[in-house]
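J.: Residue numbers (our numbering), protein chains in the order written: chain A, 1 to 213; chain B, 1 to 213.
Because the hints were derived from the structure by calculation, they are not lab data. Watch out, some of these pointers could steer you wrong.
Which copy is meant is left open, because identical chains are indistinguishable; a pair holds if it fits in one copy or across any two.
Claimed, not checked - Calculated cross-link-like contacts (lysine-lysine; reagent style BS3-like; alpha-carbon spacing at most 30 Å):
no., residue 1, residue 2
1, 106, 154
2, 51, 37
3, 106, 155
4, 61, 106
5, 106, 37
6, 51, 155
7, 61, 51
8, 154, 61
9, 51, 154
10, 155, 61
Since the model is a prediction, treat every value here as computed from it, not as a measurement.
There are 2 protein chains.
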Amino acid sequence: MTDQRRPSAGVARRSETSRRAVLTAAFELAAEVGYAKLSIEGIAARAGVGKQTIYRWWPSKGAVLFDAFLMFTTGEPGEGGGGEGGGESVEEAALPDTGDIEADLKTVMFATVDELNDPRYDRTMRALSIEIAHDADLAALYAERLNRPMRELKKRRLRAAQEAGQLAADLDLDVAVDLLWSPLLVRWLHREGPLTHEYAAALVETALGGMRP
Amino acid sequence: MTDQRRPSAGVARRSETSRRAVLTAAFELAAEVGYAKLSIEGIAARAGVGKQTIYRWWPSKGAVLFDAFLMFTTGEPGEGGGGEGGGESVEEAALPDTGDIEADLKTVMFATVDELNDPRYDRTMRALSIEIAHDADLAALYAERLNRPMRELKKRRLRAAQEAGQLAADLDLDVAVDLLWSPLLVRWLHREGPLTHEYAAALVETALGGMRP
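Let the hints inform the model, and build the full structure from the sequences given.
T.: Structure below.
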């Protein structure tokens, strides 16, 4: 039985290595050539795997890139193999919960600011955002694969704060997520001004406290 | 004196007609062919004016398109001729002020929702948004010509509410504008969900009242 498990563990390890190589290659290539010129062939060549290895796990280049984003964002490449495409890593990921919703939101939003200010992430995310804006099918894929799981993570933390009495019981958590994160995204995408921790902190404080006196 | 004023008024009227024709042509063409293929030649041909007429008033196709957006948004083509490029119409425009900031914000945001749901506006604005996202120079032009004047209009209304004691005295008005409008823009640009008056109303109410209990 031990003999049977060892090779299987070796396969899983190799799968995880390949998977991580594919996602890293996709992320880097998207930054270099843009989404339109990104190809499964190019990703396979850079990752040093066969095209069939990629097609076994992902249906399209968009699906690969979304998982690459999930890996970059959550720091996890998924559980390797299996084709669930990073779903597990999001299931396991969570926003920090120190019991102080304001402090935790600032921690997370500061990390988002740092990500958007990272040139490598900036180019890749900008390429993807542009494609999403004019390709309705890709937008649907993005909504399902990347936006929804990330949104669920955020809502889970907000729900815990709601249950702890730190947020209004009747707060619409989708509206809350949008209020907090959309201004960051617009300021970044339209380059409307510097994206700083100070700005993120002001967003969190104003969204939590409201605009009224 | 009357004889001298009549031809001059005629010229002004013709200028205004040409100006409106150019802006309408730019707006429609952008929706049809996208920003990248939009050209001064194409706009001139559709508007029935010479290229020189356009260059007399605007330095670039981006500048024409921004004024076309201002006309669409404020309903004013500017004061005709003169080359100020629609600046006057924004100066004169104002957000509604009935004395009730919540009701007035809803009125304005409902109008924004209706605009974004208008297929003609959707295509043109999407073309422009995409170009802004990957062209830093155009982003700077957008920030100066379209975003800043529109933002000033919004801040003026918020400042009046602040002075009337309806908004916090220490509220950062730029943060407030972002909290209110950015979620609409992101939901539209990334097609994250239906853009409805109900959603806009929830945004206004949550931004004003805050997320806390």
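J.: With identical chains treated as interchangeable, where does the CA-CA distance between residue 154 and residue 61 reach 30 Å or less: within a copy, between copies, both, or neither?
T.: within (26 Å within a copy, 41 Å between copies)
J.: Given identical chains, is residue 106 near residue 155, meaning Cα to Cα at most 30 Å, within a copy, between copies, both, or neither?
T.: Result: close both inside a copy and across copies, 15 Å intra and 25 Å inter.
J.: If the cutoff is 30 Å on CA atoms, where do residue 61 and residue 106 land: within, between, both or neither? Let me know, please.
T.: Neither way: residue 61 and residue 106 sit 33 Å apart in one copy and 41 Å across, limit 30 Å.
J.: Regarding residue 106 and residue 37, is the shortest C-alpha distance of 30 Å or less found within a copy, between copies, in both, or in neither?
T.: Classified as neither: same-chain Cα gap 36 Å, cross-chain 42 Å, threshold 30 Å.
J.: With identical chains, the pair residue 51 and residue 37 could be close in the same copy or across copies; at 30 Å between alpha carbons, which is it: within, between, both, or neither?
T.: Answer is within; shortest intra-copy Cα gap is 16 Å, inter-copy 35 Å.
J.: Within a copy, between copies, both or neither: where do residue 51 and residue 155 come within 30 Å Cα-Cα?
T.: Neither, since 37 Å and 53 Å both go past 30 Å.
J.: For residue 61 vs residue 51, is the C-alpha pair at or below 30 Å within one copy, between two copies, both, or neither?
T.: within (11 Å within a copy, 43 Å between copies)
J.: Could you figure out if residue 155 and residue 61 sit no more than 30 Å apart (CA to CA) within one copy, between two copies, both or neither?
T.: within (28 Å within a copy, 43 Å between copies)
J.: 30 Å Cα cut-off: does residue 106 pair with residue 154 within a copy, between copies, both or neither?
T.: Both. Shortest intra-copy (13 Å) and inter-copy (27 Å) distances satisfy the 30 Å Cα cut-off.
J.: At 30 Å max between alpha carbons, let me know whether residue 51 reaches residue 154 within a copy, between copies, both or neither.
T.: The answer is neither: 35 Å in one copy and 52 Å across copies each exceed 30 Å.
Checked against the numbered hints given earlier, this structure breaks hints 4, 5, 6, 9; the rest are met.
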